[in-house]
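Let's have the full structure, built from the sequences with the hints guiding it.
Protein chains: 4
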Amino acid sequence: MSLKRKVAVLGATGAVGQRFIQLLQGHPWFQIEVLAASERSAGKKYKDACPWLMETELPKEIAEMPIVNADVASVEQAGEVDLVFSSLPGDLAGSVEEQFGALYPVFSKASAHRMDKDVPLIIPEINPDHAEMVKIQQKQRGWKGFITTDPNCSTIQLAITLKPLMQFGLKQIMVSTMQALSGAGYPGVPSLDIIDNVVPFISGEEEKMEAEALKILGNYNGYTVQNAEFQLSASCNRVNVKDGHLESVFIKLEQDPTIEEIEEVFAKFQGEPQKLKLPSAPVNPIVVRHENSRPQPRFDRDAGCGMSVVVGRIRKDPIMTFKYMCLGHNTIRGAAGGGILSAELYVSKGLA
Amino acid sequence: MSLKRKVAVLGATGAVGQRFIQLLQGHPWFQIEVLAASERSAGKKYKDACPWLMETELPKEIAEMPIVNADVASVEQAGEVDLVFSSLPGDLAGSVEEQFGALYPVFSKASAHRMDKDVPLIIPEINPDHAEMVKIQQKQRGWKGFITTDPNCSTIQLAITLKPLMQFGLKQIMVSTMQALSGAGYPGVPSLDIIDNVVPFISGEEEKMEAEALKILGNYNGYTVQNAEFQLSASCNRVNVKDGHLESVFIKLEQDPTIEEIEEVFAKFQGEPQKLKLPSAPVNPIVVRHENSRPQPRFDRDAGCGMSVVVGRIRKDPIMTFKYMCLGHNTIRGAAGGGILSAELYVSKGLA
Amino acid sequence: MSLKRKVAVLGATGAVGQRFIQLLQGHPWFQIEVLAASERSAGKKYKDACPWLMETELPKEIAEMPIVNADVASVEQAGEVDLVFSSLPGDLAGSVEEQFGALYPVFSKASAHRMDKDVPLIIPEINPDHAEMVKIQQKQRGWKGFITTDPNCSTIQLAITLKPLMQFGLKQIMVSTMQALSGAGYPGVPSLDIIDNVVPFISGEEEKMEAEALKILGNYNGYTVQNAEFQLSASCNRVNVKDGHLESVFIKLEQDPTIEEIEEVFAKFQGEPQKLKLPSAPVNPIVVRHENSRPQPRFDRDAGCGMSVVVGRIRKDPIMTFKYMCLGHNTIRGAAGGGILSAELYVSKGLA
Amino acid sequence: MSLKRKVAVLGATGAVGQRFIQLLQGHPWFQIEVLAASERSAGKKYKDACPWLMETELPKEIAEMPIVNADVASVEQAGEVDLVFSSLPGDLAGSVEEQFGALYPVFSKASAHRMDKDVPLIIPEINPDHAEMVKIQQKQRGWKGFITTDPNCSTIQLAITLKPLMQFGLKQIMVSTMQALSGAGYPGVPSLDIIDNVVPFISGEEEKMEAEALKILGNYNGYTVQNAEFQLSASCNRVNVKDGHLESVFIKLEQDPTIEEIEEVFAKFQGEPQKLKLPSAPVNPIVVRHENSRPQPRFDRDAGCGMSVVVGRIRKDPIMTFKYMCLGHNTIRGAAGGGILSAELYVSKGLA
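Chains as they are written, first to last, in my numbering: chain A, 1 to 352; chain B, 1 to 352; chain C, 1 to 352; chain D, 1 to 352.
Some clues are possibly wrong.
What the hints assert, rightly or not - Below 30 angstroms or equal to it, Euclidean Cα-Cα: the simulated DSBU-like pairs (lysine-lysine) are:
1) K316/B / K117/A
2) K47/B / K60/B
3) K45/B / K268/C
4) K171/B / K171/A
5) K45/C / K4/C
6) K60/D / K268/A
7) K135/B / K277/B
8) K252/A / K316/B
9) K47/C / K316/B
Please keep in mind that the hints were generated in silico from the structure rather than gathered at the bench.
Right, dumping it as structure tokens:
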């Protein structure tokens with residue numbers, strides 16, 4: 001008899017849902033019990049509901065699993081579950097996640113509830129203490145379960161690199177992104193839009209980056225989160241890359257550390273997942289490369305099994321304090337992998 | 001009998017040299033008399049010396065022309081020339097251009113002499129008055145001819161957009177570029193380096209951008225150029241796009257114009273080439289797009305026959321004053337087309 | 001007062017519809033009077049109904065035109081039309097085209113009626129005599145108008161090269177295609193499917209190629225078409241190219257001409273459009289390249305303004321008689337340009 | 001003390017040499033003792049001699065190893081070696097491999113000696129008996145060592161699929177390839193040549209495919225190889241894919257097996273590497289996919305750790321007997337992995 005927690009994946013047929021399925025294969029703490037998606041897919045076998053987008057094979061037992069509709073009654077009829085991962089599309093996520101949150105711990109990759117005052121927006125290495133806020137949420141809403149959220153993919157990797165910089169007095173961040181195709185889901189970006197091209201616009205992305213980072217790096221005062229006080233400006237672009245968001249970052253600090261000091265705080269950065277040795281925690285949340293042309297998406301996105309953020313080209317800036325490049329795997333650390341690490345954190349803290 | 005000026009193209013086999021040849025077909029003022037390149041190509045027919053990289057056909061008469069070595073004696077033996085376009089590689093350009101400059105007007109796309117104190121760095125719409133500096137150069141060096149230079153491709157398009165902003169008190173520019181493959185010449189970027197990838201480094205590019213813009217937008221005091229006083233920081237990336245550099249720009253101004261005012265100064269901007277109706281001058285040096293996802297390299301690089309710079313996504317910035325995207329065709333406006341427009345300016349001013 | 005024929009474009013918002021609009025700008029015989037599409041677009045201005053996919057600008061007057069529903073009543077209410085171009089999606093085309101065919105000459109790029117016994121399948125250079133069959137069709141169906149069709153894009157370019165080979169006794173054709181993204185319409189192929197990839201399957205494409213070529217190159221006996229007697233086998237692949245289908249062809253002939261003889265019949269091939277000097281007829285329907293690495297999509301797709309088929313690498317085959325590569329622009333010669341040329345043929349013959 | 005055989009890799013800095021290094025990490029029978037390359041690299045540390053092209057990290061101990069010149073004296077001075085892998089460029093390989101072959105077993109990926117009468121051309125699953133021919137070679141040449149070769153990458157994957165078809169009387173093969181960029185080495189194909197393009201020519205490739213398959217599938221009569229009697233025609237194309245050659249194959253057999261019978265002989269095919277359980281042998285040399293759009297390079301190239309050939313779209317052909325697609329990883333099964341498997345075969349047979 002397995003002692004693993006049984007999980008339902010909501011939005012299991014989408015690009016992030018598929019990554020959840022892939023990463024949960026052989027997970028020591030979690031096992032997939034129910035796959036749920038929209039009405040269009042409900043009732044089909046998984047293998048008939050969507051093209052499998054991962055380069056690894058679709059696991060045989062997943063292929064044959066039925067997909068149920070993403071509502072509590074359908075999920076409960078399909079199996080007993082302990083917790084829920086949600087990668088539902090934005091428009092559906094809002095109400096469906098509330099339905100589940102009343103009863104189950106819900107780990108959401110959707111943006112619907114990220115900025116809710118009583119909902120944590122978690123990066124386990126950055127703000128594990130914010131997780132406690134679900135107790136407030138449960139009390140206020142009278143829920144048995146809760147909703148906790150992960151940030152936007154382009155925010156996660158940036159925020160991880162910002163955390164160790166806060167000790168130098170982080171004041172301003174300008175960031176221009178070059179984001180991968182998989183960030184738009186599937187079918188997502190039409191090939192005719194991106195061949196021999198760059199699209200300098202991703203709907204809502206700049207607003208998310210500019211808002212979310214302040215909450216993640218803010219202070220939890222035992223009741224709610226007070227935003228961090230730095231300023232952030234983002235300009236977001238889609239490039240012809242499969243996976244891996246690359247970001248060109250300019251930073252203004254209060255202090256003026258040397259490049260070596262900055263490299264050191266990046267390289268030595270450790271968070272609670274590393275201390276707790278959570279199953280999905282990378283040994284190094286931040287990997288520093290010293291070659292002059294790294295990080296690059298194809299070569300660095302799989303660092304730390306896709307859970308490390310890779311930084312490079314750290315150099316002085318003529319206007320701000322310094323500039324650097326950062327790269328993260330947008331559907332692993334930036335989505336499903338990040339969600340699983342959050343769930344591991346909650347479980348290890350006894351919150352889920 | 002043709003009254004056109006006879007030109008030699010130095011570096012005729014390279015990617016920019018080919019663009020010179022393409023754009024000079026049917027030019028009303030200039031006709032190609034001599035094609036010169038390095039020793040490796042000298043002595044061959046043009047068609048046998050290099051693969052033709054343009055999508056238009058290699059003109060038949062060019063195909064059969066012999067290539068001579070890029071030195072004065074060889075060029076003069078091959079034909080009588082009035083002026084010289086140079087797109088020699090950086091290491092060769094320095095001394096060869098001086099050899100020619102002693103005798104002929106040399107319009108150079110190479111970086112070797114850009115920052116020389118008595119050498120103009122020209123964008124005809126921006127600083128046509130700097131062209132007068134060749135008189136100083138001739139006097140100081142005792143030359144019959146002169147060297148005048150065009151900026152780096154990524155600088156040209158940015159500088160064109162900066163010029164009309166100077167009226168608002170231009171203070172700081174942060175720019176992150178996404179540059180096209182053709183900017184690296186041929187064979188240039190190996191396909192294995194760029195498929196499913198971005199390379200966040202272009203050797204010397206950031207330094208060039210940070211230095212050149214200050215000279216171009218500086219003041220010519222009748223003797224030399226005093227640098228402009230704004231600050232510029234660049235982060236340069238290579239993306240999988242054939243032609244067209246896209247730049248994500250953040251601007252700090254002394255004043256706080258509205259978005260409409262900024263759009264208006266961009267759209268109405270005209271320079272001397274427009275007033276003089278030079279043959280290669282675009283009607284609009286800057287084209288403003290209002291769609292939320294433009295400019296895009298594949299759709300906008302050919303605006304104004306590749307001679308217009310296209311801007312879009314002009315919006316307020318939470319840290320600086322505003323931000324926008326700009327795009328230019330790196331081998332037309334950013335290289336051969338820009339060089340030809342410079343030559344047209346000099347000719348129309350009686351300087352060449 | 002214009003004496004041009006007024007045309008309606010059905011399916012005007014799709015990738016082929018947009019190419020019709022682009023190519024009809026300034027056409028000497030035809031002018032666009034009505035733009036029609038599916039219910040989803042009807043009622044909108046053209047500029048609001050679809051993203052414009054062409055690299056040339058959306059013509060201003062088209063941008064402001066209303067789109068009407070693709071039915072006779074709606075089209076007639078919107079304007080008086082003389083003939084109809086249809087690039088409706090397959091499922092709609094069947095009945096809608098019949099509705100229009102009863103009243104108007106319909107030039108269709110859809111596959112719905114291509115194999116109908118009384119419907120011509122036309123390539124103007126190949127089988128202009130088949131056009132006469134519309135008289136039979138009108139009589140049989142009691143129609144004032146008619147439907148005439150163009151072949152599939154990958155068939156057109158191949159069939160053009162097969163025509164001059166028939167004099168050598170054409171017996172067998174094996175063809176493996178590498179087809180462009182634009183052949184799948186818009187949004188068409190998801191970028192995640194094709195980056196760093198080839199998709200060796202295009203639904204229905206092999207069947208169309210294997211059937212259509214026999215009809216096109218068959219004999220019209222004054223009543224119907226008797227299929228040609230050669231055999232054809234196709235294997236179809238999608239590659240990461242914007243426009244231009246490239247085909248690897250192996251041919252078995254009864255005779256054994258030299259490579260020079262084959263090149264000569266290709267290069268000298270002329271059809272009725274060339275004799276009639278139709279506005280869209282390329283000077284050379286077939287262009288022969290002698291370099292060992294041509295034709296290539298990016299360099300050859302625009303030959304003859306996209307209306308020429310480019311062949312190359314003509315060489316002896318160890319099994320069949322010879323092999324070669326052929327390339328055509330799939331949305332110009334293979335779609336809208338081919339349709340316009342067909343209409344020009346019908347008009348010049350007094351059939352429309 | 002390690003009992004592993006010590007190997008030298010000649011051509012260690014090239015794309016295939018790097019793959020040898022990657023695949024030999026942790027190999028149970030072989031360990032890298034010497035890295036050799038051309039004079040240009042000799043004397044440098046490995047990490048300074050070439051950009052590392054693999055997505056996995058350059059192993060630390062390899063990074064620090066010195067590169068020696070690819071001659072016997074230099075290699076022997078650098079270390080004691082038992083056998084040699086060669087991926088030297090074609091022009092160097094001829095004489096250098098002979099120098100080493102006189103003393104050591106040489107497993108060559110170069111084409112120089114493939115067609116030599118006394119040199120085996122090996123695919124371990126297909127013709128392991130040909131390996132015995134090195135005894136003839138040693139006797140004739142008076143060598144202590146020998147040269148054995150692997151076929152061209154595009155030949156290997158095709159030949160593996162042909163072997164099980166020989167039982168049905170294999171008569172003719174027509175093949176059109178879509179080959180990956182890595183097949184051209186590094187820097188290899190310039191990005192400007194392949195973006196939005198296909199190049200329908202690979203120098204010497206068609207000739208190699210047409211000749212090598214006959215030798216591989218021929219009979220070894222105890223003295224030399226008598227070519228197989230089928231005919232093969234190839235048309236080779238380069239596409240914008242990183243790894244994985246895809247081939248469109250048309251086959252004529254004497255017999256007329258059903259599709260199911262063909263699938264069965266593919267799926268059940270096993271060779272000596274499988275029986276001997278060689279370390280690099282895939283469980284299934286041929287994997288049969290039943291989806292209508294597979295195999296695809298990005299999804300199938302890593303089947304069997306890159307050592308399986310994946311076939312799909314097996315269907316009747318209107319001219320030949322049947323047609324199918326096949327795909328293999330060109331730098332694993334088609335190059336370094338194939339070479340290592342050959343060496344394992346020779347070792348297990350006591351020949352090396």
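Checked against the structure, which of the hints given earlier come out wrong? none
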